[in-house]
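**Student:** If you read the sequence shown in our numbering, its first letter stands for residue 1, the second for the next number, and so on.
Derived by calculation from the structure, the hints in this document are not laboratory data.
Worth double-checking, as some hints may not be accurate.
[To be verified] Have a look at the derived ranges for each label pair, beta carbon to beta carbon:
1. A49 with A90: 34 to 42 Å
2. G165 with R32: 38 to 46 Å
3. D118 with D39: 20 to 28 Å
4. D118 with R72: 30 to 38 Å
5. T55 with R177: 16 to 24 Å
6. T176 with G52: 26 to 34 Å
7. R177 with G52: 16 to 24 Å
Positions of the beta carbon are idealized from the N, C-alpha and C atoms, including for glycine.
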Amino acid sequence: MVGCPSKPNSRSAAGNPTSATRSRTGTSGAARLHLTATDLAEAVRTTLALRGWSTEVTLQVPAPVHAAVDRRRFDVIIANLVGNALRHGAPPVTVTLTADPRQITVEVTDEGPGLGPDALPRVFDRFYKADSARTRSDGSGLGTAIALENARLHGGTIEAADRDGPGAAFVLRLPTRAPEEDTP
């Protein structure tokens with residue numbers, strides 16, 4: 001079962017409901033979701049296969065998980081979290097997908113060095129790179145910020161934490177109901 005990692009850094013849309021609602025509805029020129037009923041296990045498999053990661057990542061799906069998501073934005077979230085685990089963590093990289101009546105959880109874990117206390121509070125900041133030696137490396141430092149914004153558009157959040165053992169854990173939580181289905 002996927003648990004909440006210790007020492008999480010979490011950012012959610014709950015802190016600014018007006019902004020989150022605006023984003024979901026597309027008012028003021030904000031992004032819109034194009035929701036499609038999706039088999040999330042198949043969506044994760046596709047994300048891994050398109051990037052050649054299928055043999056490098058273990059996917060654990062204890063039961064079927066279906067939801068209405070924006071497939072492109074879901075792909076971006078998963079690709080960022082898994083790509084970071086592969087580039088900056090160490091094997092094994094595991095993606096665990098679960099659901100309950102209220103939320104869908106996707107946990108991406110690795111057994112690398114973890115994030116560290118200095119990086120953890122800033123991991124979702126735009127242009128942030130945990131290792132100062134990486135300032136000229138590939139990547140802009142925008143990936144986790146973009147992943148988080150895509151999660152927020154779905155009414156969800158992403159938490160990051162160092163694991164109790166080696167490695168890092170990123171946990172994506174999305175509501176089982178699409179944002180447009182929410183009632184006051």
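**Student:** Next step is simple, just say for each hint if it's right about the structure.
**Tutor:** Hints, verified against the model:
no.: 1; hint: A49 with A90: 34 to 42 Å; verdict: 22 Å, violated
no.: 2; hint: G165 with R32: 38 to 46 Å; verdict: 40 Å, holds
no.: 3; hint: D118 with D39: 20 to 28 Å; verdict: 39 Å, violated
no.: 4; hint: D118 with R72: 30 to 38 Å; verdict: 33 Å, holds
no.: 5; hint: T55 with R177: 16 to 24 Å; verdict: 35 Å, violated
no.: 6; hint: T176 with G52: 26 to 34 Å; verdict: 31 Å, holds
no.: 7; hint: R177 with G52: 16 to 24 Å; verdict: 34 Å, violated
Hints 1, 3, 5, 7 from the earlier list are contradicted by this structure; the remaining hints agree with it.
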